[in-house]
Amino acid sequence: MSIFSPAMLVSVFVGAWFLMWSRVANLISYNAKYGAALTFKDMGAVFLDDIAVSHTLSGYDLFAPILAVLPAAAAFCDDYNSGYIKSILTRVSKRRYIRETLLCSSIAGGLAVFLPCFLSGVFYLVNGKLDTLENVNSWGYSTTFDETVYAGMQYVWGGLLLALMLMALAFLFGAIWSDIGLLVSVLLPNKYLALAAPFALYFSIHLIFYRIGFLLVLSPVNMLMPDTTFIPFTLYPLLYEVLLLGLVCVLFSVLAKRRLWDV
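For the sequence shown, the numbering used here begins at 1 and goes up steadily by one.
Simulated from the structure, these hints should not be mistaken for lab results. These figures come from a predicted structure and were not determined experimentally. A couple of the hints might just be wrong.
Heads up, simulated EDC-like pairs for lysine to aspartate or glutamate below, C-alpha to C-alpha not over 16 Å straight-line [said to hold, decoys possible]:
(1) K257 <-> D79
(2) K191 <-> D262
(3) K257 <-> E100
(4) K41 <-> D61
(5) K191 <-> D79
(6) K94 <-> D262
(7) K86 <-> D262
With the hints as constraints, model all of the structure from the sequences given.
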């Protein structure tokens, strides 16, 4: 039920607004200032650039973990602290409960980040241009991805292949940070800590890695929108997120079994 919860609606609405508000504000401001009647399509560039810029201007990538944890990261806390978990475990095994709780958190957290990215991506695609050499050359500027390992990939299928990869990264990102919230709730069964700790951890890791410099390639901030020059190869963000998700799932399973040993 987390997928259809009010918390999910809040995550999707807030996330979509973050990613599209700058285009809306620019259009309103330009038309008001010059008395023009431009449309969203008139302001559109190649759509991958619009997507990347929306992440940069909005700061969405910094706050995405907060949106990821809202729908389901506190599910274990609610069951455990209310005592309802005892009723659940009379009907299903502990292994099944842990597996289904983890699956629910992963899907809900993944969708909480994926859906805003998907909706905004469709918005920029409809109101922009496909990423082709012809469109980029007529635009007269270099693209966001020109100096990255995605310089060639950005033109495959008019940019749609890279866009699909970005959508996959968004889903994995949301699943990871929702599951990290679950992991925190197993260690310290406090609902508010489970919701707040993932963002604190995410932001702290980024600041530390940013200060060290050579560790910046490991910062989770760069895995949602990998438009930086230090990404080593095209599949690096996907492999990074898959490995991190697997590690978090294993840790949660082990610690949840220990937490529930006497329930």
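Do the hints match the structure? See the list:
Restraint check for K257 and D79: the C-alpha separation of about 15 Å stays at or below 16 Å, so the hint holds. Between K191 and D262 the CA atoms are separated by roughly 21 Å; this puts the pair beyond 16 Å, and the hint is violated. For the proposed pair K257 and E100, the alpha carbon gap of about 13 Å is at most 16 Å, so the pair holds. Pair hint K41 plus D61 does not hold up; C-alpha atoms about 25 Å apart against a cutoff of 16 Å.
Note on K191 and D79: the hinted pairing holds, with a Cα-Cα distance of about 10 Å set against a maximum of 16 Å. For the proposed pair K94 and D262, the alpha carbon gap of about 11 Å is at most 16 Å, so the pair holds. Of the pairs offered as hints, the one joining K86 and D262 holds, with about 10 Å between alpha carbons and a cut-off of 16 Å not exceeded.
When held up to the earlier numbered hints, the structure conflicts with 2 and 4 and fits the remainder.
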